[in-house]
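Undergrad: Protein sequences appear in the order of chains A and B. Going from the first sequence to this note's numbering is simple: count from 1 and add 714. Going from the second sequence to this note's numbering is simple: count from 1 and add 207.
Please keep in mind that the hints were generated in silico from the structure rather than gathered at the bench. For clarity, every value in this text was computed on a predicted model and none was experimentally measured. Hints are supplied without guarantee of correctness; some may be wrong.
Unchecked claim - Every beta carbon over 10 Å from chain B, so not counted as near; a handful from chain A, in silico:
#	residue
1	731
2	770
3	778
4	806
5	827
6	830
7	831
8	871
9	892
10	1019
11	1037
12	1072
13	1105
Unchecked claim - Listed next, the stretches of chain B that the computed footprint assigns to chain A, with coverage defined by at least 3 CB atoms under 8 Å from CB atoms of chain A:
#	segment
14	303-314
15	352-366
16	452-458
Positions of the beta carbon are idealized from the N, C-alpha and C atoms, including for glycine.
Take a look at the letters that make up each chain.
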Amino acid sequence: MTVTATTAAPARAGRRIPVLRGYRFELVKLLSQWRLRLLILAAWVVPAVLVSELSRQSSLPADTVFGRWMHATGWAGSLLVLGFVGTYALPLLTSVVAGDVFAAEDRLGTWRHLLVAIRSPRRIFAAKALASLTVIVLMVAGLACSSMAAVLVVGNRPLIGLDGHTLAPADAAGKVLLAWLCALAPTMALAAIGLLGSVTLGRSPMGLLLPALAGLAMAGAQILPLPVAVRAGLPSYGFIAWRGLFTSPMQLSPLLVAVAVSLVWAFAATALAYWLFLRRDFTNVSDDGLVRRTLTVGVLPLAVVYALTIGVLALSVPATTGSSIEQGKLQRSVSTVFAHLYRLQAQELHRPSVTEAQLRTSTFCDNGGGLVAPSGAGNGWRCTVTWHIPGVDATGQAIYQLAVTPDGRYIADGDGPVQVNGYFLVRTPAGGAANPLWQFDGTVDLLATKG
Amino acid sequence: MFICISVEREFRVLGSWIVRPLPSSPGADLRHLPDAVRKSTRKTTEKQESIDPDLAVRARGLTKTFGDVIALDGVDLDVAAGRIHGIVGPNGAGKTTLLGILLGLATTDSGSLEILGDPVRRALAAPDGVAGFVDGPGLYPSLTARRNLAAFAALRGRDARMAGIDEVLAEVGLTDVADDRVRGFSLGMRQRLGLAAALLTSPRLLVLDEPVNGLDPAGKNHVHRVLTRLAADGTAVVLSSHRMDDVDALSSEVTILSKGRVAFSGPVDKLRAESGDVAYRLVTSDPAAAREVALATAGVQLAGGPDQPGRPDGTGDGRRVSGDTLVVRATVTALDALVVRLVQAGIALRELAPVISPLEAAFLALTEPPEDER
């Protein structure tokens, strides 16, 4: 029997359901799950409770960026939460939402029902992607708003930036908000990886775990002594690049690169998930995932995107082929922070006002007592800060031990003299606080071209 | 009187019907069929090839493969509006694949398909007016029955309050559990809720995969009533089952699939009538005398006896029969004669029933390989 397939005749194809209706349908399904309801509730409540409790404690999480300023201003609490969720919470949240949005239909056996109802795999994909993104954004918004509850507890006071300069409350508020917005880009990249995992791995638990594992692995890569280009080529770089907003001038290059890289990953992973989804055979019951093609169609293209990103970064910023933590950058950064905080200390100790320019601060740093090359992360950095005291011919000197991490952040620990950088209490608008020059945070711009 | 009516109903023959040939190797593949069906199958009726405007489904030569597996091999199918058409076949026969194609879930490799009068392109989309489910209804356990239907109605752009949700829930007998989460529903309740979801769209072609699977008798009655009402209103219903009795209860026409090919397509009554001699179990007041009468009656063969297991070709169903039971193979005419002679001999006939239904016998004969190929 030979019968020719009908291909050209006009067909009265069924009316396809608008994406908006499919989007609402997906939202109803997502929000009907107790698991997601609890997560959304937690996102809106837990950070507020956390920062409120931390703000009341006498010992502060000084090892976390902005943690040491939690008694000084509520905005520090929000940034502390942002630093934490970027590493741990957002990979897990995106995995539960985006990593399950397609796999749930496999688990429930509802694909065919959905296809008959919506009639277009393209629209199903769009509706699911948008709905999962909405829920993720709702969670991120909850984390952001809830973390800002610290402002109600601690107060809407000035924030000390990562270069020691003081941000007015309104400026701090704007930049905290901007930092949260920037964190959406890497979150979208994780969500897209979640979609890809959900499409390719179907009901396999790996589909759910993929974005969580990928997010945690990428976060781990940021603290490893890898070349900067290798780390900046990952979406997780966006969860630390926002720190550049809190310096003056702002370190915008890392932030822009991080946002761009995250969007490239988000687009590539979404496009791959879309491509794979449209090629799925929904009449084949055993075809609940495309495991065999995961490596070739899912992972390999992303690896190529990653390699290209690394190449572009390495070519455009040669310093990124190494650690990009150099003696010159570190010295300049320490001088800047010290000058700003010296001025702050003078105010808090009710000493005569002094400007950074008058101090003419300079710093000399060596690594490992000069026995190690003066570059790279590590705890062997020792810096001697020299400054001029206005109206006095003499210069002052203070010594700091630095713990520098591969992401460019460092903690400077005062090593004398105690009158300058020892531990003692000062009076601040928030009450008693540790001497600001005793320990402070700083950051170097890893994408800066000149050392 | 009751017995005679029953026998007559079993063998009532209706009018026109279609038997489609197996697409290839017809001689080899038809060897195991009952004589009448085999003869009829070879007489391919070409009169149905002309386009019938009342056909809800017109498929010709549908072929679908999954890698090396041929799911459908040149399948023809006609389903008229207002009829309930059963698709029956053993596991792996291609039923779900065929239903999936009708629902727009898959495209064929070759062949032509018209649904509700329109050619179906090679695209994953069903035309308007088609609803149903395959491999069970798609329901979301975290939603209540009503919420499932409301979300489905909203998807179709209908106001949940005006969509007739209460009406369809009542029609399938789920009003009492309308606000319960589907998570706690039994398989039968899910089946009925899936049917309710399909009803919301007022379909002109309803495609259901195993719709009575898991249903209790009351649930089957509900589904039966709903489908009968739909058919009476002009909706074409295509349903699948691997059980002939389900199809017999619901369908007026049947297509039997075997290994992706059409082994039979036509009215259920025709299949029943053409299924050849069928084994019957007789319970009489005097089994020994009844046996003598049966042996003396032309056209009647003793097919089994006390403690003799049956055979799957219709002479038995694998169950043992008791000492007062006689199993005979006979045509309707011969069976009528036997009943008359038993009565004339003063032997009371207490029970007369097919060992297995004629449809089941025909189904087994059409779908099971002949003994020499087993």
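Undergrad: For every hint, state whether the structure bears it out.
TA: Do the hints match the structure? See the list:
1. For residue 731 of chain A, the condition that its CB be more than 10 Å from all CB atoms of chain B is violated, with the nearest at approximately 6 Å.
2. Distance to chain B confirms residue 770 of chain A as a non-interface residue, since its nearest Cβ pair spans about 38 Å, more than 10 Å.
3. At roughly 37 Å from the closest C-beta of chain B, the C-beta of residue 778 of chain A stays outside 10 Å, upholding its exclusion from the interface.
4. No Cβ of chain B approaches the Cβ of residue 806 of chain A within 10 Å, the least distance being about 21 Å, so the stated non-interface status holds.
5. The Cβ of residue 827 of chain A does not lie farther than 10 Å from every Cβ of chain B; its closest approach is about 2 Å, which violates its non-interface assignment.
6. With a minimum CB-CB distance of about 5 Å to chain B, residue 830 of chain A fails to clear the 10 Å threshold, and the non-interface call is violated.
7. At roughly 5 Å from the closest C-beta of chain B, the C-beta of residue 831 of chain A falls inside 10 Å, breaking its exclusion from the interface.
8. The Cβ of residue 871 of chain A lies farther than 10 Å from every Cβ of chain B, with a closest approach of about 45 Å, so its non-interface assignment holds.
9. Look at residue 892 of chain A: its CB is around 37 Å from the nearest CB on chain B, clear of 10 Å, so calling it non-interface holds up.
10. Every Cβ of chain B is farther than 10 Å from the Cβ of residue 1019 of chain A; the closest lies at roughly 29 Å, confirming the non-interface assignment.
11. The Cβ of residue 1037 of chain A lies farther than 10 Å from every Cβ of chain B, with a closest approach of about 49 Å, so its non-interface assignment holds.
12. Here residue 1072 of chain A stays apart from chain B, with its beta-carbon at least about 66 Å from theirs, past the 10 Å limit.
13. At roughly 73 Å from the closest C-beta of chain B, the C-beta of residue 1105 of chain A stays outside 10 Å, upholding its exclusion from the interface.
14. Counting residues of the segment 303-314 of chain B whose CB lies closer than 8 Å to any CB of chain A gives 8, so the stated coverage by that chain holds, three being the minimum.
15. Coverage of the segment 352-366 of chain B by chain A holds [criterion: at least 3 residues with CB-CB distance below 8 Å; count 7].
16. Using a Cβ-Cβ cut-off of 8 Å, 0 residues of the segment 452-458 of chain B lie near chain A, which falls short of the minimum of three, so the contact claim is violated.
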